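Novice: Here is what each chain is made of, one letter per residue.
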Amino acid sequence: EPEVTQTPSHQVTQMGQEVILRCVPISNHLYFYWYRQILGQKVEFLVSFYNNEISEKSEIFDDQFSVERPDGSNFTLKIRSTKLEDSAMYFCASIPWTSGRNANTGELFFGEGSRLTVL
Amino acid sequence: RKEVEQDPGPFNVPEGATVAFNCTYSNSASQSFFWYRQDCRKEPKLLMSVYSSGNEDGRFTAQLNRASQYISLLIRDSKLSDSATYLCVVSHASGGSYIPTFGRGTSLIVHP
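First to last, the protein sequences are chains V and Y.
If you're matching positions, the first sequence starts at 6 in our numbering and goes up one per residue.
If you're matching positions, the second sequence starts at 664 in our numbering and goes up one per residue.
Some hints here could point you the wrong way.
Label pairs and their in silico Cβ distance ranges [to be verified]:
{"hint": "1", "chain 1": "Y", "residue 1": "R704", "chain 2": "V", "residue 2": "R27", "range": "15 to 23 Å"}
{"hint": "2", "chain 1": "V", "residue 1": "P101", "chain 2": "Y", "residue 2": "R704", "range": "45 to 53 Å"}
{"hint": "3", "chain 1": "V", "residue 1": "Q46", "chain 2": "Y", "residue 2": "K708", "range": "36 to 44 Å"}
{"hint": "4", "chain 1": "V", "residue 1": "E90", "chain 2": "Y", "residue 2": "S715", "range": "17 to 25 Å"}
{"hint": "5", "chain 1": "V", "residue 1": "N57", "chain 2": "Y", "residue 2": "D670", "range": "35 to 43 Å"}
{"hint": "6", "chain 1": "Y", "residue 1": "A730", "chain 2": "V", "residue 2": "G77", "range": "43 to 51 Å"}
{"hint": "7", "chain 1": "Y", "residue 1": "A683", "chain 2": "V", "residue 2": "I43", "range": "22 to 30 Å"}
{"hint": "8", "chain 1": "V", "residue 1": "E90", "chain 2": "Y", "residue 2": "E666", "range": "30 to 38 Å"}
{"hint": "9", "chain 1": "Y", "residue 1": "K705", "chain 2": "V", "residue 2": "E90", "range": "16 to 24 Å"}
{"hint": "10", "chain 1": "Y", "residue 1": "R722", "chain 2": "V", "residue 2": "S86", "range": "21 to 29 Å"}
{"hint": "11", "chain 1": "Y", "residue 1": "K708", "chain 2": "V", "residue 2": "G77", "range": "23 to 31 Å"}
{"hint": "12", "chain 1": "Y", "residue 1": "S744", "chain 2": "V", "residue 2": "I43", "range": "39 to 47 Å"}
{"hint": "13", "chain 1": "V", "residue 1": "G77", "chain 2": "Y", "residue 2": "K742", "range": "38 to 46 Å"}
Chain Y is faced by these chain V residues, among others (derived, beta-carbon under 7 Å) [to be verified]:
{"hint": "14", "residue": "Y36"}
{"hint": "15", "residue": "K47"}
{"hint": "16", "residue": "V48"}
{"hint": "17", "residue": "S53"}
{"hint": "18", "residue": "S60"}
{"hint": "19", "residue": "E61"}
{"hint": "20", "residue": "F66"}
{"hint": "21", "residue": "F70"}
{"hint": "22", "residue": "G111"}
{"hint": "23", "residue": "E112"}
{"hint": "24", "residue": "L113"}
{"hint": "25", "residue": "E117"}
{"hint": "26", "residue": "G118"}
With a straight-line cut-off of 30 Å between C-alpha atoms, the simulated BS3-like cross-links for lysine-lysine are [what the hints assert, rightly or not]:
{"hint": "27", "chain 1": "V", "residue 1": "K83", "chain 2": "V", "residue 2": "K62"}
{"hint": "28", "chain 1": "V", "residue 1": "K47", "chain 2": "V", "residue 2": "K88"}
{"hint": "29", "chain 1": "V", "residue 1": "K62", "chain 2": "Y", "residue 2": "K705"}
{"hint": "30", "chain 1": "Y", "residue 1": "K708", "chain 2": "V", "residue 2": "K62"}
{"hint": "31", "chain 1": "V", "residue 1": "K62", "chain 2": "Y", "residue 2": "K742"}
{"hint": "32", "chain 1": "Y", "residue 1": "K705", "chain 2": "Y", "residue 2": "K742"}
{"hint": "33", "chain 1": "V", "residue 1": "K47", "chain 2": "Y", "residue 2": "K742"}
{"hint": "34", "chain 1": "V", "residue 1": "K83", "chain 2": "V", "residue 2": "K47"}
{"hint": "35", "chain 1": "V", "residue 1": "K62", "chain 2": "V", "residue 2": "K47"}
{"hint": "36", "chain 1": "Y", "residue 1": "K742", "chain 2": "Y", "residue 2": "K708"}
{"hint": "37", "chain 1": "V", "residue 1": "K47", "chain 2": "Y", "residue 2": "K705"}
{"hint": "38", "chain 1": "V", "residue 1": "K88", "chain 2": "Y", "residue 2": "K708"}
{"hint": "39", "chain 1": "V", "residue 1": "K88", "chain 2": "Y", "residue 2": "K742"}
{"hint": "40", "chain 1": "V", "residue 1": "K62", "chain 2": "V", "residue 2": "K88"}
Please keep in mind that the hints were generated in silico from the structure rather than gathered at the bench.
Keep in mind that this is a model prediction, so the values were computed, not measured.
No residue lacks a Cβ here, since even glycine has one placed at the ideal position from N, Cα and C.
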């Protein structure tokens with residue numbers, strides 16, 4: 006069964022360093038998302054990506070964040086200068102989009118997440 | 664403004680019990696509704712979609728009340744393996760975007 010894969014599974018970094026989290030979505034999916042979950046808190050929307058551009062972003066997704074899909078498969082989240090409060094689990098997710106009889110249900114397919122620890 | 668609200672619990676129930684969770688949402692234009700399950704430090708996984716007419720999948724029953732903007736999940740005959748956090752997810756489409764929004768989740772602990 007196809008799956009969303011994320012790397013690294015865990016990254017420890019010093020405050021102020023740049024971090025790149027990588028995701029390989031399911032190949033025929035069209036909508037891509039990054040969510041984050043701070044330990045003990047809710048899953049928060051960061052950004053959605055469609056047709057090779059950002060379609061929507063939350064207020065959390067400020068100038069220190071960026072997303073790219075450089076080669077049509079990998080989908081990356083970059084945090085330019087990490088802060089202590091960026092410590093969280095970052096989930097990549099995707100949704101297929103079809104119409105007709107097998108119309109998309111809107112189910113999100115998640116990767117296993119990348120745990121970021123900022124010291 | 665909280666878009667999707669859930670009672671965080673925990674709900675602590677014995678095996679075999681029936682337990683119900685509710686969720687309310689604020690965006691009346693919401694189109695799709697889901698329950699996800701999340702185990703500790705794992706990714707959320709779809710439990711079931713929620714349809715207007717209500718739907719059932721084995722021991723799980725989901726209901727949607729659009730007029731009151733709430734969704735429910737009923738779990739019958741609870742098993743130890745049902746212990747997890749149950750996430751209510753509500754999606755809306757806007758200008759080409761489709762954004763699933765999560766509630767903070769309701770924690771369920773099933774004990775022997």
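Novice: Any hints from earlier that this structure breaks? Give me their numbers in increasing order, please.
Specialist: 2, 3, 4, 8, 10, 12, 20, 21, 31 and 39
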